[in-house]
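Chains as they are written, first to last, in this note's numbering: chain P, 1 to 255; chain A, 256 to 419.
These are calculated hints, taken from the structure and not from any lab test. Remember, predicted model here, so these are calculated numbers, not experimental data. Don't take every hint at face value.
Selected chain A positions facing chain P (in silico; Cβ < 10 Å) [what the hints assert, rightly or not]:
(1) G260
(2) L266
(3) A267
(4) L275
(5) H281
(6) L283
(7) R286
(8) M291
(9) Q294
(10) R344
(11) L386
All residues carry an ideal CB built from backbone N, CA and C; glycine is no exception.
Given next are the chains, with one letter for each unit.
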Amino acid sequence: MDFLEIIGFKGLHISLAAEPLFHIGPITITNTIFTAWIVMAVLAVVSFLATRKMQVVPSGLQNFAEAVVEMLYDLVESVVGDRARKVFPLIATFFIFILVANWMGILPGFNSIGVWEHDYEGHELFIPIFRAANSDLNMTIAMALIAFLLIHAGGLIVHKPLGYLKHLAGPLPILILINVAIESFVPVSLSVRLFGNIFAGEVLLLVMRVPVVGAAFMVLEVLFGLIQALIFTMLTLIFLGLAMSGEHEHDGAHA
Amino acid sequence: MGELGLNPTYLAFQIVNFLLLVFLLHRLLYRPILNMLDQRKERIREGQEAAERARTEAEQLRAGFEKQLEESRAHARKILDDAAAAAERLREESVANARDEAQRILDRGREELRAEMAQARRELRQEVATLSVVVAGKLIQSSLDTEKNRELAARLIADLGEQS
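Using the sequences plus the hints, can you model the full thing?
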């Protein structure tokens, strides 16, 4: 289905699903996986350069990297306290990866550099090589599942399995159903929110390819990219904090 | 599902991708930086402690120096006082010595004067006796016993001397 033709933009094409680019053995690599790799490579190289020669008095890239890591660490520590060291790598990577992937998606060339291919019905199809990693539900669901597992693993480890069951059953045992339903929808909302925003942003930038106006929307997308990264990270962190909180009130309160 | 692009293989792939990224960033970014932050915190703490130690040490040194300075001052004052006292004593001694010396010189002068006067008197007496005999002999032109006359004259002169 051609999304843009439906809303009146003939000739423009963007599909909800990520397009396959090439195959490595049995695995098909889509353009979003390809972009995710680029993001990973960029982050790994920048991190390597930033921490290659660590100095007590930081400068340049090390200074910047330290500022980012320290800011994120303080944020994590303010929510989960002493356990920050354990959960920090996942939480921080959520933020950094989503932010860099979102901002990279605004770069010129995304959704515009590609190849024309024929689909099985013989229609011409434009396959962009670069597509924002988070405009693929597989990517956002993958992260949301990891977040879900992190949240509940944290709860289980802090409260022990029985205590966590009580935690989920509070304040009234009958509410366990509602609590479980709420918890189950957390990853759904996380993944769909991120996907929807970034996908919509791509469509918007594609439609608004007009000088000046396009630039204004790009500025907006920079802002949205940051906001979405913050929302995903903060929500994960807060739900994690909630799952791990109240470890002492269960000792006597639920006799 | 197809239209949304959901695909379990891609999903699994992205989960692995993301966890790989977490591992990479943990190795390359978080661990070195958090270690560095800890290390820096430790260093700052050590620096502060060292500064505190140095301050206390300096305080002690200062107190020590001040004490020494005070002692030196007292010592110097004592030396000055001693020197002044010694000088005073020396002055008094030399003044006394000088006075004694002068007195001695005066005494000796007087003594010598007295001795010389006695000598002169004695010589004068002999001279006068001799002269008297010569004069008397010439005057009376008689051959008197010179020895007797001299005795006579000496007695006369002694009488004269006692009268004068």
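Evaluation of the provided hints:
Interface restraint check for G260(A): the shortest CB-CB distance to chain P comes to about 3 Å, inside 10 Å, so the restraint holds. With a cut of 10 Å, the hint placing L266(A) at the interface with chain P holds, because the nearest CB-to-CB distance is about 5 Å. A cut of 10 Å between beta carbons decides the hint on A267(A): the least distance to chain P is about 8 Å, and the hint holds. With 10 Å as the threshold, the beta carbon of L275(A) comes within range of chain P, its nearest partner Cβ sitting at about 7 Å, so the hint holds.
At about 4 Å, the closest approach between the beta carbon of H281(A) and any beta carbon in chain P falls short of 10 Å, and the interface hint on this residue holds. Interface hint status for L283(A): upheld, as the beta-carbon distance to the closest one in chain P is roughly 4 Å, under 10 Å. Evaluation of the R286(A) hint against chain P yields a held restraint, the C-beta minimum of about 8 Å falling below 10 Å. Look at M291(A): its Cβ gets to within about 5 Å of chain P, closer than 10 Å, so that hint holds up.
The closest approach between the C-beta of Q294(A) and any C-beta of chain P is roughly 7 Å, which is under the 10 Å cut-off, so the hint is satisfied. The restraint placing R344(A) at the interface with chain P is violated, with a minimum CB-CB distance near 70 Å, outside the 10 Å limit. The interface hint given for L386(A) is broken, as the beta carbon of that residue sits about 127 Å from the closest beta carbon of chain P, more than 10 Å.
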